[in-house]
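Participant: Listed below are the residues making up each chain.
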Amino acid sequence: MSGWAMALFKRDLRLSVRIGGSALVGVLFFLAVVTVIPFGVGPDLNLLARIGPAILWIGALLATLLGLDRLFQADREDGTLDLMMMSGRPLELVVLVKCLAHWIATGLPLVVAAPLLAVFLNLDPVSMAAVTATLFVGTPALTLIGAIGASLTVSLRRGGLLLAVLVIPLAIPVLIFGVSAADAAIHDPVPFLTPFLILCALTLIAAVIGPVASAAALRFSSD
Amino acid sequence: MSGWAMALFKRDLRLSVRIGGSALVGVLFFLAVVTVIPFGVGPDLNLLARIGPAILWIGALLATLLGLDRLFQADREDGTLDLMMMSGRPLELVVLVKCLAHWIATGLPLVVAAPLLAVFLNLDPVSMAAVTATLFVGTPALTLIGAIGASLTVSLRRGGLLLAVLVIPLAIPVLIFGVSAADAAIHDPVPFLTPFLILCALTLIAAVIGPVASAAALRFSSD
Amino acid sequence: MRSSLLKLVAENLTIDRGGRRVFQGLSFAVEQGEALVVTGANGIGKSSLLRTLAGLVPLASGTLRLDGGLPDLLPAEQAHYFGHQDAVKPALSVLENLHFWQSFTAPCEPGGFSGGKSTPLEALETLGIGHTAQLPAAYLSAGQKRRLSLSRLLITPRPVWLMDEPTSALDKASEQQLLGLMNTHLENGGLIVTATHTELTLDRIRSLHLKAADPGSIPADTAEDAVS
Amino acid sequence: MRSSLLKLVAENLTIDRGGRRVFQGLSFAVEQGEALVVTGANGIGKSSLLRTLAGLVPLASGTLRLDGGLPDLLPAEQAHYFGHQDAVKPALSVLENLHFWQSFTAPCEPGGFSGGKSTPLEALETLGIGHTAQLPAAYLSAGQKRRLSLSRLLITPRPVWLMDEPTSALDKASEQQLLGLMNTHLENGGLIVTATHTELTLDRIRSLHLKAADPGSIPADTAEDAVS
Amino acid sequence: MAFWDYANPTRFLRLVQIVLPWLVGLCVITFAVGLYMSFQAPEDYQQGQTIRIMYIHVPAAWLCMMCYTVMSLSSIGTLVWKHPLADVSAKSAAPIGAAFTFMALLTGSLWGKPMWGTYWVWDARLTSVLVLLIMYLGLMTLWRTMDDPIKAGKAAAVLTLVGALNLPIIKFSVDWWNTLHQPASVIRLDGPTIHPDQLWPLLVMALAFTLLFFVLHLMAMRNEIMRRRVRALRMRAASIAHPGTAAATAQPAE
Ligand code: HEM
Ligand SMILES: Nc1ncnc2c1ncn2[C@@H]1O[C@H](COP(=O)(O)OP(=O)(O)OP(=O)(O)O)[C@@H](O)[C@H]1O
Ligand SMILES: Nc1ncnc2c1ncn2[C@@H]1O[C@H](COP(=O)(O)OP(=O)(O)OP(=O)(O)O)[C@@H](O)[C@H]1O
Ligand SMILES: [Mg+2]
Ligand SMILES: [Mg+2]
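Protein chains in written order, with my numbering: chain G, 1 to 223; chain B, 1 to 223; chain D, 1 to 228; chain P, 1 to 228; chain W, 1 to 254.
Residues from chain B that face chain G, not an exhaustive set, calculated with beta carbons under 7 Å:
(1) Leu28
(2) Val41
(3) Ile58
(4) Leu66
(5) Gly67
(6) Arg70
(7) Gly160
(8) Ala164
(9) Val165
(10) Leu175
FYI, nobody ran anything at the bench for these hints, they're computed from the structure. The C-beta atom is built at its ideal place from N, Cα and C for all residues, glycine as well.
Hey, can you work out the whole structure from these sequences and the hints?
Facilitator: So, in structure tokens, the structure goes:
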């Protein structure tokens with residue numbers, strides 16, 4: 001990464017680590033959701049094992065999207081975003097770098113936490129590994145797609161919920177292929193690799209569409 | 001309600017309905033979550049019908065909690081909260097009135113939407129009615145408990161997620177009795193009334209603890 | 001109610017903010033019809049002082065009372081606070097904003113103070129934004145918003161006005177108007193505490209200049225006498 | 001690169017904000033070493049003008065160019081913007097804040113302009129907050145924060161300074177210091193556009209007073225040919 | 001006169017004034033004919049009377065997709081050509097699209113009850129429509145949370161286009177998801193093979209619905225332009241210095 005990108009990357013990482021562990025909050029929310037669902041569904045272990053991957057994926061989806069509202073807002077409120085637009089750096093790359101830092105600070109912990117939570121849902125090691133792998137490949141896509149919502153709602157003071165509503169429909173394919181890849185690893189109607197590769201493809205597509213769209217949205221929202 | 005309370009109530013309702021208001025975002029999120037879950041667990045109608053009440057309750061729980069972050073923040077940011085503390089009105093009542101208005105603006109729509117969403121999860125009319133009833137009685141408790149979280153996080157910029165993490169543990173009893181009341185109505189291991197009455201009791205308790213606690217938190221957070 | 005002279009008395013106030021001692025042992029008294037003008041360098045503690053008087057920042061130590069005020073009310077509950085924030089809801093119409101504050105804020109009329117009697121519309125007219133009454137507050141410009149939030153002080157009687165840099169970001173004309181209002185408040189037997197960087201031309205001024213006791217305010221917890 | 005005279009030229013700018021025409025047909029030019037001081041009543045459009053020059057508010061019509069600047073850069077990319085917001089991250093140390101801006105902001109040194117060469121530490125010293133270098137920016141007072149954000153302008157060379165009420169919320173001492181810095185920038189061959197309510201004592205001033213053309217700025221969209 | 005000239009809202013409004021009555025008349029007539037034909041059409045040997053739902057359901061379903069196409073084109077108009085009417089068109093199309101989508105869902109599930117014995121199945125096509133509904137509602141929310149129409153328009157345009165890019169992916173993945181699970185309880189929804197004398201009324205109804213869409217769309221656009229002018233007038237009223245004239249201007253609003 002060129003100098004400025006590196007500086008931005010480091011800064012965002014520092015900020016997300018120092019500010020009240022926003023990374024932690026995401027994981028805790030993940031944990032909370034995953035532990036709440038059994039209270040609702042009831043303690044039927046087979047059932048839990050069956051819908052386990054789904055629960056984990058839905059938890060990760062919500063945790064990622066709802067954690068994204070501050071991605072640009074924090075910078076917008078204190079005027080940093082204005083200066084970034086004047087900085088003479090391509091805004092698309094700025095967004096990409098910020099997403100990367102954000103994913104490492106909040107997405108990666110989710111992936112790491114997944115196997116632990118999988119134990120609660122008594123998933124067998126195979127599916128545990130499968131879910132973790134799919135999350136590892138899939139959550140970046142969620143972050144990148146979510147960035148669009150983040151920049152659309154940057155000027156609104158109530159990000160979270162609205163962002164999620166706007167982005168969830170766009171994130172459905174990721175969810176579908178993530179879960180079905182995980183399922184495929186367990187009881188295979190289809191080989192694991194097919195959905196998994198599609199998932200990777202989705203992430204790559206998101207890596208293009210996300211930054212471009214959200215950079216555009218940021219430019220339009222500047223005022 | 002005495003004059004000032006009525007004025008506050010009307011104002012909050014107006015605000016949540018007018019432009020920038022958050023009245024309908026909650027319902028949309030509810031809809032989105034309920035729609036997304038089948039993509040994870042699969043389209044098996046029997047399975048969905050079985051975990052239907054749980055899905056609806058969890059959706060409502062998340063929608064309520066995540067929508068609460070602006071309950072006090074909006075007033076804090078523009079200095080309204082300061083003036084409210086100087087207004088010479090008991091802060092506990094102020095909180096209670098605000099919660100009431102907020103529930104009517106965002107909680108009630110959830111209750112109304114529940115039967116429609118129940119169709120997607122092909123619940124039979126009985127359980128549909130049961131879930132709606134429990135939500136009607138239960139969601140106020142969620143709002144009131146959530147208010148505590150809202151006032152704890154009022155000075156932090158990133159409300160939603162953190163608030164949910166803080167409050168979900170407190171809200172679990174409500175969830176449990178809500179769901180089990182709904183389940184009881186369908187295939188009754190226990191009579192419907194027992195958990196339902198406990199749920200009502202929980203709401204009443206929340207109506208006392210919530211305002212007191214969050215008023216205290218607001219006083220401490222003033223700066 | 002006793003109609004003795006209104007008097008805001010502060011005895012060696014000590015204030016900590018963010019774990020740091022802002023100032024300590026500050027005492028002063030303001031009488032009815034007087035304006036206390038607080039000046040000082042950036043970060044010296046003017047805003048903190050005002051917010052303390054408004055009961056928004058807790059006192060580390062010291063006492064604060066309003067002689068001649070209503071005995072069962074805190075000083076803060078007999079004061080209007082006019083700070084940097086406008087407390088204006090853009091989604092509500094100008095009049096809705098004012099009506100809310102009128103019916104929400106508890107009035108307080110101790111003896112010897114007459115004022116804050118005007119209706120919302122009158123107040124808006126006085127401040128020259130009467131024509132915006134029916135419009136959403138979102139359409140107001142910065143200056144107009146500020147005047148709207150100022151008109152709050154005219155519709156609910158409260159003897160003490162706490163104003164933090166009231167003239168900041170106001171052009172000359174609006175500034176004169178504001179000073180006029182403050183003078184009438186003093187004549188009505190109110191009292192004012194205001195922080196400013198510019199000098200204000202008021203009738204009866206008593207001034208308080210804050211100076212840093214020692215370079216860099218001491219962190220509260222290292223200060224011997226205070227456990228904050 | 002051409003070393004001709006730097007000149008910021010604006011030709012009949014028209015600006016809409018929030019669907020409202022703020023002003024139209026505004027033209028001016030500022031030369032190297034000059035400061036354009038923009039004055040006017042509240043809400044007349046000073047900040048809007050500066051934000052437009054900074055490329056943050058889109059132009060409704062009109063052209064904007066920097067003669068003698070780097071041809072392949074927008075004017076905004078050759079300018080520093082110093083507005084109401086500090087762009088200071090409380091969680092980072094003062095030095096970390098500065099270092100980030102230094103490496104992130106693209107420098108721009110057209111011919112005839114020399115300046116913005118100082119290192120972060122020097123800049124902090126110049127502004128008299130060198131002792132806070134290692135502190136978290138959260139511990140700074142309002143005034144100190146403002147100086148920190150000011151030091152941004154000294155560490156990255158950019159010929160144009162856009163300053164919105166630069167002296168607001170600064171005490172007298174800091175104000176003088178700021179004026180000194182602005183003068184040195186002018187001597188270094190930079191140029192300044194600043195909006196203010198107080199009068200600034202700068203070397204070579206060219207002043208622009210904004211007045212409401214007709215009672216109330218025309219809404220952009222009642223004009224015949226625009227919806228919004 | 002090129003369509004481009006109708007960029008000018010005033011002229012556009014004049015055009016609407018002229019066109020709308022004819023359009024309405026045409027729409028009414030087509031509906032009359034279409035409904036008549038669809039009740040003359042022979043009832044289906046297996047579905048009986050319920051087949052008639054199709055004459056509402058299918059056109060609605062088709063239109064809820066066409067409407068999104070219109071919105072996407074308008075969004076391109078907003079972002080690329082900066083056409084002043086584009087975001088008006090997009091904004092006023094959204095609620096109509098949502099309405100048609102809802103109608104497709106409603107009639108569909110009403111139809112589903114006799115067909116499958118349940119109101120809803122997570123069939124691929126049904127589910128995609130549900131997702132589409134969510135997207136419509138999301139766009140509408142985005143619009144009404146932003147006060148400034150221009151900003152709202154641009155933000156919504158970005159989202160609409162991203163959504164347009166995504167819709168095929170969503171459709172594809174939902175199909176994949178559905179075929180993956182082979183849900184036991186679901187009758188695949190391929191619909192009855194349509195017999196010609198069922199086809200004709202269907203086509204007429206489709207035409208009627210399309211006309212209805214254009215009528216509603218033009219009306220909505222007119223209202224939106226008016227709404228923005230009122231907003232502009234009130235803004236001017238706010239910023240006018242002389243209360244006298246301002247009060248006069250301020251009155252008509254509300
Ligand atoms: C909520 C439930 C339903 C929804 C959301 C729905 C949605 C749709 C959509 C989007 C189309 C247009 C497809 C296209 O043209 O590519 C369509 C067409 C059609 N639907 Fe439905 N449908 C539903 C229920 C039903 C039911 C219960 C039936 C009866 C068996 C049915 C029969 C048809 C037929 C015959 C067509 C036209 C043939 C075709 O275009 O493939 N639909 N529906
Ligand atoms: N919200 C806060 N939390 C913690 N410390 C604060 C807070 N606000 C101010 N301070 C600190 O309190 C001290 C006094 O700040 P204050 O705003 O009262 O100064 P001031 O005199 O109003 O300055 P100015 O002239 O810039 O308004 C400063 O050292 C500042 O760092
Ligand atoms: N973010 C915004 N969105 C919409 N309209 C705005 C916005 N900011 C300012 N305006 C409007 O633009 C006009 C000019 O505002 P601006 O802030 O430029 O005035 P100003 O000269 O800076 O006033 P002040 O002296 O108070 O700073 C005002 O009518 C204001 O209502
Ligand atoms: Mg201050
Ligand atoms: Mg300004």
